[in-house]
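K.L.:
Below, each chain spelled out in residue letters.
There are 2 protein chains.
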Amino acid sequence: MTTQQLIEQIQLKKSFLCVGLDVDLNKIPAHFLELEDPIFEFNKAIIDATHDLAVAYKPNTAFFEAYGIKGWMSLQKTINYINENHPEIFTIADAKRGDIGNTSSMYAKAFFEDLNFDSITVAPYMGKDSVEPFLAFEDKHTIMLALTSNEGAFDFQTLDVDGTRGEAERSGAKELYKRVLETSKTWKNSENLMYVVGATKAEYFTEIRKIVPDSFLLVPGVGAQGGSLSEVCKYGMNANVGLLINSSRGIIYASKEADFAEKARAEALKIQQEMEAILQS
Amino acid sequence: MTTQQLIEQIQLKKSFLCVGLDVDLNKIPAHFLELEDPIFEFNKAIIDATHDLAVAYKPNTAFFEAYGIKGWMSLQKTINYINENHPEIFTIADAKRGDIGNTSSMYAKAFFEDLNFDSITVAPYMGKDSVEPFLAFEDKHTIMLALTSNEGAFDFQTLDVDGTRGEAERSGAKELYKRVLETSKTWKNSENLMYVVGATKAEYFTEIRKIVPDSFLLVPGVGAQGGSLSEVCKYGMNANVGLLINSSRGIIYASKEADFAEKARAEALKIQQEMEAILQS
Chain A
1 MTTQQLIEQI QLKKSFLCVG LDVDLNKIPA HFLELEDPIF EFNKAIIDAT HDLAVAYKPN
61 TAFFEAYGIK GWMSLQKTIN YINENHPEIF TIADAKRGDI GNTSSMYAKA FFEDLNFDSI
121 TVAPYMGKDS VEPFLAFEDK HTIMLALTSN EGAFDFQTLD VDGTRGEAER SGAKELYKRV
181 LETSKTWKNS ENLMYVVGAT KAEYFTEIRK IVPDSFLLVP GVGAQGGSLS EVCKYGMNAN
241 VGLLINSSRG IIYASKEADF AEKARAEALK IQQEMEAILQ S
Chain B
1 MTTQQLIEQI QLKKSFLCVG LDVDLNKIPA HFLELEDPIF EFNKAIIDAT HDLAVAYKPN
61 TAFFEAYGIK GWMSLQKTIN YINENHPEIF TIADAKRGDI GNTSSMYAKA FFEDLNFDSI
121 TVAPYMGKDS VEPFLAFEDK HTIMLALTSN EGAFDFQTLD VDGTRGEAER SGAKELYKRV
181 LETSKTWKNS ENLMYVVGAT KAEYFTEIRK IVPDSFLLVP GVGAQGGSLS EVCKYGMNAN
241 VGLLINSSRG IIYASKEADF AEKARAEALK IQQEMEAILQ S
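If you're matching them up, the sequences are chains A and B in order. Position one of the first sequence corresponds to residue 1 (the numbering used here), numbered consecutively onward. Position one of the second sequence corresponds to residue 1 (the numbering used here), numbered consecutively onward.
Isolated chain A, as found in the complex (with noise of 0.2 Å):
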């Protein structure tokens, strides 16, 4: 999917949402597990509940490979049922991956050509030639770690880095995750980058927008981890809105009881008419 389509599709629903698939067969209503596959099976209810408010799906890999096997047919069926039934919906596969050139390679080919996402998180400590693979796919998106919605977060990302390794002069020192931004521009395709911010930090978004002022964001911790839209939007919507907003928990687990497609919809709904909205403002 280029960028355009999913800025057309934006304007369409009126909706920035990105609803992520973080299945936990503990915590999904009890009548799925009697089914073969439960984790399909509660992923498709609940995109049959939602596609029409939401914009992206995200399913996390880390929730399908606990599951081995199983759990890697059910990605499958999952992305699969999503590009059949829903081809303009924008589909991120959370891996958070990340290595070597010649790895990153197979990692692309894995999630771009095998299970056919339209993009993929990846973590960019290993530098240039970790991402530039993922790069290297044409209407493919690889939305990279950047400031990130957890406590340690502050660990590493916000620590200052110097503008000029090993000078003197230190007047350029500024934080990670901003050299992060900064250098990944120079990366070949950039283009096709997108980033991870987290609701949880609002106010960081009006630094962030001087250094890529257009790249679309995906922004978790709106809801279960405490951000808000409202604060998002206010410091990081662009002209092109430039925002995907995910709520995981907060709409997939909305109830555990035999109406929870309706309350993941009812939960999916009350945040996309915020968006439309804030849209109108």
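Derived from the structure by calculation, the hints contain no laboratory data. Fair warning: this is a prediction, and the values are worked out from it, not measured in the lab. Hints are supplied without guarantee of correctness; some may be wrong.
Intra- or inter-copy, both count: the list cannot distinguish identical chains.
[Unchecked claim] Below, in silico cross-link-like pairs of lysine to aspartate or glutamate (EDC-like), each with a Cα-Cα straight-line distance of 20 Å or less:
(1) K174 x D162
(2) K210 x E36
(3) K109 x D24
(4) K70 x D114
Could you slot chain B onto chain A? The hints should help.
P.N.:
Using the frame of chain A, we list chain B on its own:
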């Protein structure tokens, strides 16, 4: 496996060789492609030919995921084959995972419980709460990226960071990878940590050993990537050896002909003999 058991194996085999299993179907002898599970059969042949010379095997998850469900089945069969036939071997899932706490818990479950690996590689960017869920597993080991063997290592890992963020006092500035090492020592169950340090940067081992004198270091980059075994040992070895030297392509692709297993063994033997000489010196 406990660290003590790993040390005993190193002493017994006079080897601290780890064989990386990065199977690319384009690089293995053609007759494997006619078998039902070429990746597993190739790995099995490599393991059969080298298990007395190596103390560890490191399947690289990307090379399995690239083949989808079939690839995940090959991974399962490979780890089961090692665990059943060579329980004395230390197994490493080279997966470079890391995410918010509840997600990292799922990855830990996937690799430590479902697949029963002894260890997994993880990325540090998301900090403490992205790594601690892995550390909570007894007699399992979490191998965190510190200084990697690729060019991109210099993009962020070697940037100077301030000792104390936001304070005028900048005398504590040091490279990010050192800060990662230091900080990780304060995490819960940090005794379960090992670190990835690339062989291509042998001169860095002296500094690294000042911070983590007792930890095991997993060292890629000897062979195909150009690092020197003797240099790494000179600066990186501790009283318990404390090193696992990985070779992937140099061993498993020593030949593409019918003699591939023999040639792989010859390459592994060459390295083991160098290691034996170093251990006796």
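K.L.:
Which hint numbers doesn't this structure obey?
P.N.:
Number 2 - this is the single hint that the structure violates.
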